[in-house]
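S.K.: Below, each chain spelled out in residue letters.
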Amino acid sequence: MLRDINLDIKTGDFLTIFGPNGAGKTTLVKIMSTLVSPTSGTVLVHDLDVKKSPLEVRRLIGVISHETYLYQDLSAKENLLFFGRMYGMHRDKLEARIHELVEEVGLQYRLDDRVGTFSRGMKQRLSIARAILHDPKILFLDEPYTGLDQHAAATFDSILNELDVSDKTQVMVSHDIERGLALADKVVILHGGKIVYEAAKDKMEGVEQFRHTYEHYVKEV
Amino acid sequence: MKDFLYLAWKDLLMEFRTKQMLNSMVIFSLLVIVIFNYSFSNILFNIDVADIAPGILWIAFTFAGMLGLSRSFSSEMEEGCLDGLKLCPVDPSTIYLGKVVSNLVIMFLIEAIIVPLFIVLFNFSDVKGLAGLIVIILLGTIGFILVGTLFSALTVNMRTREILLPVILFPIIIPLIMSSVMATQKVLSTGDLFAAIDEIRLLVVYDLVFFIAAQLVFEYVIED
Chain B
3 MLRDINLDIK TGDFLTIFGP NGAGKTTLVK IMSTLVSPTS GTVLVHDLDV
53 KKSPLEVRRL IGVISHETYL YQDLSAKENL LFFGRMYGMH RDKLEARIHE
103 LVEEVGLQYR LDDRVGTFSR GMKQRLSIAR AILHDPKILF LDEPYTGLDQ
153 HAAATFDSIL NELDVSDKTQ VMVSHDIERG LALADKVVIL HGGKIVYEAA
203 KDKMEGVEQF RHTYEHYVKE V
Chain E
2 MKDFLYLAWK DLLMEFRTKQ MLNSMVIFSL LVIVIFNYSF SNILFNIDVA
52 DIAPGILWIA FTFAGMLGLS RSFSSEMEEG CLDGLKLCPV DPSTIYLGKV
102 VSNLVIMFLI EAIIVPLFIV LFNFSDVKGL AGLIVIILLG TIGFILVGTL
152 FSALTVNMRT REILLPVILF PIIIPLIMSS VMATQKVLST GDLFAAIDEI
202 RLLVVYDLVF FIAAQLVFEY VIED
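If you're matching them up, the sequences are chains B and E in order.
Residues 3 to 223 in my numbering are what the first sequence lists, from first letter to last.
Residues 2 to 225 in my numbering are what the second sequence lists, from first letter to last.
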């Protein structure tokens, strides 16, 4: 259960949410991304209330999760075509966008192969393409490194860096302190459903010091 | 509005590629028809098979349909696809309609295989009521899939969904199955669709009620 959450994320910011298992990180992302309805309080995305205007909010957001949201029995292209059509994209524009994105995530030679035959890293790269297909303004990343080896995680990072997502507001939930800090403009630590620590980039510590801060807050509460 | 057709296209593409549901549904319903035919054959008992044949036909449809319905939403659970679907900017009723359309197409395909076999095995040489039979099968199947798809979504997050789905679905579809069986019996024995007009009225009302009700409640059914 989340309590007393008061969070302001500015356009273009990268927020990383840290916290132990069961802290409520994924629930918070699910509420912000309209998957779960809050029982009280208000969440505004670009001035739109997620409870009152979920469809409008969904057009503005993309979600990359540790689950890829991809159909294993469809090819990469069929998956992207399906999600593109569900986002109301026109066939011609969609085809061009798919080709542009699969090249950027390095899957142009596997476009017609079934996703079930892909490695975990390839699936996660394709899930980036799926999430940004409709050019969302906000990107939610819910533990995107889960199940990725070091190489696949590094590839995932470099694709995210190379893609033109710098103008997008990004919210990431992660256990990976090093990666989470490197990308963030702002960090919060969530524990027991409450924000116990919050810091902007200019006040952020180095990795080792942050590790101590994290352990201190997670232990203390 | 046509978003539900994209969803149905996706489901059918996956199904025709893997044939996970189709194969088991066809084999199961064929076995039901053949085993019942021999079990109640005139050689063993002094039974007019024409009297019990409609019941056997609907047993085959219902159980085969149940197999398909239990897979309908569980296929969305792999890799969190249901969440991916819920994140699309479409009304929840679109997801419901898409699933209904794909389930109906699969069910009609199974019925198109079973009905000719049923006519041959149960010796309905004079099939003057065939057009009427098709109307009843259409109405009965639509009602069954409308309710079944809703309950399939309701049980998708439960570990015992394969058991729970039939347990909660059967009481709701009893009026539908009874009307369908009675209408089938009347149409096959008289060859006249209007002989079953009362049952057909009930089927139409049942379909309409559940078509509207399911779309109203589906949003709450698939909520986390």
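Simulated from the structure, these hints should not be mistaken for laboratory data.
Hints are supplied without guarantee of correctness; some may be wrong.
Ranges between beta-carbon positions, derived for each pair [claimed, not checked]:
#	chain 1	residue 1	chain 2	residue 2	range
1	B	165	E	17	29 to 37 Å
2	E	79	B	9	53 to 61 Å
3	B	57	E	49	52 to 60 Å
4	E	213	B	94	35 to 43 Å
Reference excerpt, derived from the structure (chain B facing chain E, CB under 7 Å, subset only) [said to hold, decoys possible]:
#	residue
5	33
6	37
7	75
For each residue, glycine too, the CB sits at the ideal point set by N, CA and C.
S.K.: Which numbered hints does this structure break?
M.R.: Per hint list: 2 and 5 violated.
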